[in-house]
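Protein sequences, first through last, are from chains A and B. Take the first sequence: its position 47, counted from the start at 1, is 47 in our numbering, and no numbers get skipped. Numbering-wise, our numbering comes out as the position in the second sequence, counting from 1, plus 1000.
Honestly, the hints are just simulated from the structure, not real lab data. Please note that a few of the clues may not be correct.
What the hints assert, rightly or not - Short derived list, chain B residues pointing at chain A, Cβ under 10 Å:
1) A1058
2) G1071
3) L1177
4) A1407
Yeah, the Cβ is synthetic: ideal placement off N, Cα and C, and Gly gets one too.
2 protein chains.
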Amino acid sequence: VVVIGAGFGGIATVRALRDAPLEVTLVDQNNYHLFQPLLYQVGTALLDPSEIAYPVRAIVRRLRNCDFLLGRVISIDLDQHTLHTTAGDLPYDRLVVAAGAVTDSFGKPGVLTHAFGLKNLGDAITLRNHLLTTVEHAAATKDPTERRRLLTVAVAGGGATGVECAGAVCELVGLVLRRDFPHLDLSAFSVLLIEAGSSVLTQFAPSLQRHAIRALERKGIKLRFGAKVDDVTEQGVVLQGGEHIPAATVIWAVGVRGSDAGGLLAPQRARLGRIPVDAGMRIPDHPEVFVIGDLAAATVDGKPLPMLGAVAQQQGAHVAATITAEAGAGSPPPPFRYHDRGTMATIGRNAAVAQIGPIRAWGFPGWVIWLAVHLVLLISFRNRVVVLINWARDYLFYDRPVRLITAPTPHAGDNGSPHGDPAHPD
Amino acid sequence: VVVIGAGFGGIATVRALRDAPLEVTLVDQNNYHLFQPLLYQVGTALLDPSEIAYPVRAIVRRLRNCDFLLGRVISIDLDQHTLHTTAGDLPYDRLVVAAGAVTDSFGKPGVLTHAFGLKNLGDAITLRNHLLTTVEHAAATKDPTERRRLLTVAVAGGGATGVECAGAVCELVGLVLRRDFPHLDLSAFSVLLIEAGSSVLTQFAPSLQRHAIRALERKGIKLRFGAKVDDVTEQGVVLQGGEHIPAATVIWAVGVRGSDAGGLLAPQRARLGRIPVDAGMRIPDHPEVFVIGDLAAATVDGKPLPMLGAVAQQQGAHVAATITAEAGAGSPPPPFRYHDRGTMATIGRNAAVAQIGPIRAWGFPGWVIWLAVHLVLLISFRNRVVVLINWARDYLFYDRPVRLITAPTPHAGDNGSPHGDPAHPD
Chain A
1 VVVIGAGFGG
11 IATVRALRDA
21 PLEVTLVDQN
31 NYHLFQPLLY
41 QVGTALLDPS
51 EIAYPVRAIV
61 RRLRNCDFLL
71 GRVISIDLDQ
81 HTLHTTAGDL
91 PYDRLVVAAG
101 AVTDSFGKPG
111 VLTHAFGLKN
121 LGDAITLRNH
131 LLTTVEHAAA
141 TKDPTERRRL
151 LTVAVAGGGA
161 TGVECAGAVC
171 ELVGLVLRRD
181 FPHLDLSAFS
191 VLLIEAGSSV
201 LTQFAPSLQR
211 HAIRALERKG
221 IKLRFGAKVD
231 DVTEQGVVLQ
241 GGEHIPAATV
251 IWAVGVRGSD
261 AGGLLAPQRA
271 RLGRIPVDAG
281 MRIPDHPEVF
291 VIGDLAAATV
301 DGKPLPMLGA
311 VAQQQGAHVA
321 ATITAEAGAG
331 SPPPPFRYHD
341 RGTMATIGRN
351 AAVAQIGPIR
361 AWGFPGWVIW
371 LAVHLVLLIS
381 FRNRVVVLIN
391 WARDYLFYDR
401 PVRLITAPTP
411 HAGDNGSPHG
421 DPAHPD
Chain B
1001 VVVIGAGFGG
1011 IATVRALRDA
1021 PLEVTLVDQN
1031 NYHLFQPLLY
1041 QVGTALLDPS
1051 EIAYPVRAIV
1061 RRLRNCDFLL
1071 GRVISIDLDQ
1081 HTLHTTAGDL
1091 PYDRLVVAAG
1101 AVTDSFGKPG
1111 VLTHAFGLKN
1121 LGDAITLRNH
1131 LLTTVEHAAA
1141 TKDPTERRRL
1151 LTVAVAGGGA
1161 TGVECAGAVC
1171 ELVGLVLRRD
1181 FPHLDLSAFS
1191 VLLIEAGSSV
1201 LTQFAPSLQR
1211 HAIRALERKG
1221 IKLRFGAKVD
1231 DVTEQGVVLQ
1241 GGEHIPAATV
1251 IWAVGVRGSD
1261 AGGLLAPQRA
1271 RLGRIPVDAG
1281 MRIPDHPEVF
1291 VIGDLAAATV
1301 DGKPLPMLGA
1311 VAQQQGAHVA
1321 ATITAEAGAG
1331 SPPPPFRYHD
1341 RGTMATIGRN
1351 AAVAQIGPIR
1361 AWGFPGWVIW
1371 LAVHLVLLIS
1381 FRNRVVVLIN
1391 WARDYLFYDR
1401 PVRLITAPTP
1411 HAGDNGSPHG
1421 DPAHPD
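Working from the sequences, and respecting the hints, build out all of it.
Shown next, in the form of structure tokens:
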């Protein structure tokens, strides 16, 4: 069994296969599992990369029947049942593709060059370095117009990522950097949330959407509804209709699409670049290939499943049970059903919205629920303790301990590749 | 007063000036103060960058009369008393240059491209990514010769950096990665320490040198005395005499020289690229310019002072007292004397050598002294606690929590510059 991707789906799959009489290989282009829901906290210098990333080998070494391969998938030979990777070829009997999603620039070249995505650890380090550097520039410049541009952060997209990012940037500057830069005029600072629709967090109940909007406004975030980004330039963001907003930082949280690994499987993709699968997460004509997680266009009762870690985890466990049964070691699982364990989003200190079954929570209670759930979810004990220390410090002292601007020194060797595949830069 | 460099010397200077009736500006190309003595632990994935780096602004904001400028020095106009930086011009009445030292490649181009220095945070992240990646490659390759090359680490230089690095690499692979890679043949792993002289740690007493050599040998590190590196290639290291040693990782700890900022001050540099200064740390003909720390070729009783953080700190305090006195707020300090507080070096778990006045310690007692001293020295409380947690975990569980291969995503903006100057890439 070969599993592509060490995200929530891939890790759930190999864990659920631990007692099956099978040889499992997990392939990923990074050597760590990333706790994606907190990525925006790395991007805003609240958490350190090592607090939300965990070495894959530290997970895999506890599983007797699983090995790890650091490499990027080049192609998938569905007829020969072979995976070609930058670290060699892997034949498979069963293939589970859990390659996840990537930021979708919607074909706008300015987004690729000038906006900041927030989908992998490199993105988050890049955004952190940029945010901290622009504030330094703002402190050094004598031009008030340029200072205002440097201190304007535009967030495109009013989904969970956009809302959480806007709230966190606001707090980084307003609560922490305000003390680091006592001479800086922070009235020039503004955060703008640009959303094409008429509300934020549309996956939540309308009452929670209204709470979220009020919480954003209380933080001083300017909301622009019904506004679509036409392009992003070095100077800022251009809205449809021609309006230009000067902003040194544009965070692109508009949407994601299935990873390119999907293109290797099926030339015909569904909406958002996802791969159509049947109720057992199999692709057409190849019952030995499963697709799960963000990359899978799975539907339950005709409705597409959301792109959530919980979906990927449940699909991974289901597929692992199917594979185990096919190996003659267990009975086949009942048809897949998605158990919605709830959704939540935080809008900074003391404010979050949570929707868990019939429960609706917001404000401080919502934030406490959010905090508790995320602490429990974090994968390793060490991570949990250190994250708790950092959050506690942030909460008590309004301080971010990790506001460093760091980058590797360039080197002729194979390291420091900025392409997300340290093993084989292209 | 303008101070260049936020290392041990520069920070000691601005702190000692805190009550003087002066306006102080601290300039550095990075936004953090780095605890250099533990840099090798970041390079070997034991500590996280944020554990040995601390935001300069978090230090400076406690000083009423000090501001910080993120920028790189372009030139120094000694006649006009003006510093030109990438973030603007700064006139000065007194200038303190504490720009430190950089890795010296001794004009060997192969060292620049293929060897790994260990002098700044970018170097350490680069080395960490490289070490972890080569072990992944070694696990994936089927060629035993290539595996042996990938698992060979050559350390050039038997000073403190070289010895500490060799010990830490040895432990990373032998104790930690051994568990992550259960199928990897670690008999192919070797660490080689190449030293031109006939001993290691020559600044220590001969008895401690012998203890250090024994500790290195017990860890399985191969010592090559009387061997000089002629060049470094992609394949490994070439010794003088023509011997070629295949090694995927060559760590260059042979020597350092004064930072290039020194070249802006004096075309004529002393040994190791240091700037000649008088007993008051002033340069010839410009009594308003002071040079301290690694960059200063200061002598006491005719002997040059070592390149140590303690020297820089004491010189910074002395220069600050001189400047305060010249500003009419205090009496001039007595002539500078260096108080040697001792030297120590660690050779991994349970082994270190320490020489503090008449005290000589080695083995486990030496290591306990080393640990205690470094915990106290670390600049911030938070750092101290987190570092202690990581060390404790490493010691108890033989585990390195931070073995992630990370790099920023490239971006058209001003961030992610790999040149050590995030503000203004060149």
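Report task. Would you settle whether the hint for A1407 (chain B) is holds or violated, based on the nearest Cβ-Cβ distance to chain A being less than 10 Å? Result -> The hint holds - A1407 (chain B) has a Cβ within 10 Å of chain A, the shortest such distance being about 5 Å.
Requested in this report: Could you check if A1058 (chain B) really has its C-beta closer than 10 Å to a C-beta on chain A?
Outcome: Constraint on A1058 (chain B) satisfied, holds at 7 Å.
Query - Minimum beta-carbon distance criterion (10 Å), G1071 (chain B) to chain A - result: With a minimum Cβ separation of about 7 Å from chain A (threshold 10 Å), the hint on G1071 (chain B) holds.
Query raised in the report: When the nearest CB of chain A is found for L1177 (chain B), is that gap smaller than 10 Å?
Result: With a minimum Cβ separation of about 8 Å from chain A (threshold 10 Å), the hint on L1177 (chain B) holds.
In terms of the numbered hints stated before, the structure departs from none.
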